[in-house]
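Visitor: Protein chains in written order, with the working numbering: chain V, 1 to 283; chain A, 284 to 500.
Worth flagging that the hints you see were computed from the coordinates, not collected in a lab. Please note that a few of the clues may not be correct.
As the list claims (entries may be wrong) - Quick list of in silico lysine-lysine cross-link-like pairs, DSSO-like style, CA-CA up to 30 Å:
1. K342/A - K102/V
2. K102/V - K351/A
3. K62/V - K365/A
4. K346/A - K102/V
5. K498/A - K62/V
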Amino acid sequence: MANLLEVKNISKSFGDKAVLKDISFNVPAGSIVGFIGDNGAGKSTTFKSVLGLTSTDNGSVKILGKEDPSKHSRMKEEIGVVFDAMNLPSQLTIKQLGNVLKKMYDSWDTDNFNRLVEAFSLPLDKKVITFSRGMSMKLSVAIALSHDAKLLLLDEATGGLDPSSRSELLSELERFVREKNGGILLSSHIMSDVEKIASHLVFIKQGEIILNDEIEEVFEKYGLADVTAHQLSLIDEEWIVAKKDQDSHYRVLVSDKEKLPTVVKSKRISMEELTIFLTRSEK
Amino acid sequence: MSALLLTNYYLVYRSFFAYAGLALLLSMLLFYFGNDSMLSMVALLVILLVSMPGLEVIKHEGKSGYDKYVLTLPVSRNQIVKSHYFFYFIVVVLGSGLSYGVFLVYNVVSSTPVDAIFTTVALGIFIVLFIGAVAYPLLYMLGAEKSDAILLGGAMGGLIVTFGLRNTVGYIAEQPLISNLNIDPTLTMAIAYTVLGVMIYILSFFIATFIYNRKEF
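Extracted from the complex, chain A is given alone in its bound form:
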């Protein structure tokens, strides 16, 4: 699978670094010019921008016809799906790390540090994992040429579901079983969002594998 991951990296590393640079620049501008209410946007923006190139892999593969050619190489269809999901997950982890790092630096240099960084970053993680979970099965089913619409739909869906789940996740975090653990409530929320995001992403992987194994080229 390392060969497939390396191909994915070569396909999008330029976009990845360009988006990461853009994310840093926008964060600085928002920190400098924006008010407090815009700070949580920074976390989402960084994770979203850094993660997007991960989903562009399938678009590049489809455009060049490599999605067909790769099936003639000594790899299984399962490995191909695994490589897409794993690569995107790595990119999400990097985006989260960068987002968290941006806030840490801001807290060091700013006179008004931001609280609940974990929750803000976890919201971002949930949204991008949800986008991936929606996008991959649809990309395999409808084809890479529909990727822009699929990504847009996934992003909208991610935002709606995230804010829709806010009360539910808050309710779970307030349950005696969890609240009695004496963990910081913001941390509980962060963990709940991340775990939920990962679970949806894993479920999506199995659905996508099922679809891809039956796909005709």
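Looking at chain V on its own, in the form it has when it is part of the complex:
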């Protein structure tokens, strides 16, 4: 399976503060990678680095096999982007935006854009400035899905949407992956969305990737268990994804529950629990 996006050993600092620490992950074709982390963990900086909006100190980014995407402007035809805030020209209506994008993209699909605008119940003649955050997000997604993109980079695209709109949007994303064998990097704080559609999980914490695996592997092979200090010492560091000192014992997440000491029983873990544990734990 070819990778549509390859991020290799990226580091980025602002002054003394390291915001990305040697991060690496891939987005294979036909996959949806859930990119999860607290506010300030480094998700948006990763998106900006991938898109060349900000420089990196080290590492490389390959999109569709090419390095330094910012130097290949036509290649951006094949990337759809939604940021975590409203970023469309505020004085334009959807009709005017459609006219602009038709000139912008060689492969602009007016029919699909109109279909999505209608499906998302967006008004054609109102200025973008009058839109709520949710409406603006839906419009951004409609644009990202209307120019035959192969890779979508969605930073908090489902934020601010009501449940029905979110469900509709997630269906469109699944359809994109299924029909076009595309890839999506999706950051979200809404774990039910990630659990519903992601095929891979990448957790970032304080600029470091602490978990990077297929979602099926995570829920089938990973195990969360409460262990004593002695039992913890029996587990090889290699299998420990994260641990947390609970005063009387340790809670530990391992990448293979078979590697836990035989007397220790692991618990089934939900997406929500996994996220909370990873964000509050230490390596």
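Got chain V sorted already, so can you dock chain A onto it with the hints?
Guide: Using the frame of chain V, we list chain A on its own:
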């Protein structure tokens, strides 16, 4: 680049027409109520008012976050800068045309026609091109949120430089090489101001491109 130019147009066309209407109204009032010394002000006023919406493009883009989003579209950073400069230049040309037209109409209907229209309009062209030349690199460097201060500073600078250069441009126009061409001296002044304005604007474009290519978002 046509898509970027169309976006710029959609962003400010309402202001453009509103300012153009206001410029025409003020010109009529100045022609009717003002004395002769105020007539050159009309040319400057029309060009300034009509050109200002061109510089508002970056302000609108920054406010809505489109300045970041546009970099994800299939265009290069050079094309983005080019579209800003080219759009503003078109607006300046339209403003100059309108300003010249206003004087032509005035000369037809007035019993006291205005001389040296070209020089007056060329002064206006120089000032607005100078404002653009100062504003764009600073807007890319300091951000759109400082746009009001930058535009004000650019306008003040433009006025000061224009009147400061008056003697220099006059001196150049009087040089034998140029004066021997037997061209109307007022036309020579007009050409000198316009060429100087365009040269400064082009130089500014290269500086702005350099700045924008290194800008982080």
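Visitor: All the hints need checking, so say for each whether the structure fits it.
Guide: Each hint tested on the structure:
Between K342/A and K102/V, the direct Cα distance comes to roughly 24 Å. Compliance with the 30 Å bound is thereby established for this hinted pair. Straight-line distance between C-alpha atoms of K102/V and K351/A comes to about 20 Å, which keeps the hinted pair within the 30 Å bound. Of the pairs offered as hints, the one joining K62/V and K365/A holds, with about 28 Å between alpha carbons and a cut-off of 30 Å not exceeded. Distance hint between K346/A and K102/V is fulfilled; the C-alpha atoms sit about 24 Å from each other, no more than 30 Å.
Among the hinted pairs, K498/A with K62/V is consistent with the structure: their alpha-carbon atoms are about 21 Å apart, no more than 30 Å.
Violation of the numbered hints given earlier is absent; every hint is satisfied by the structure.
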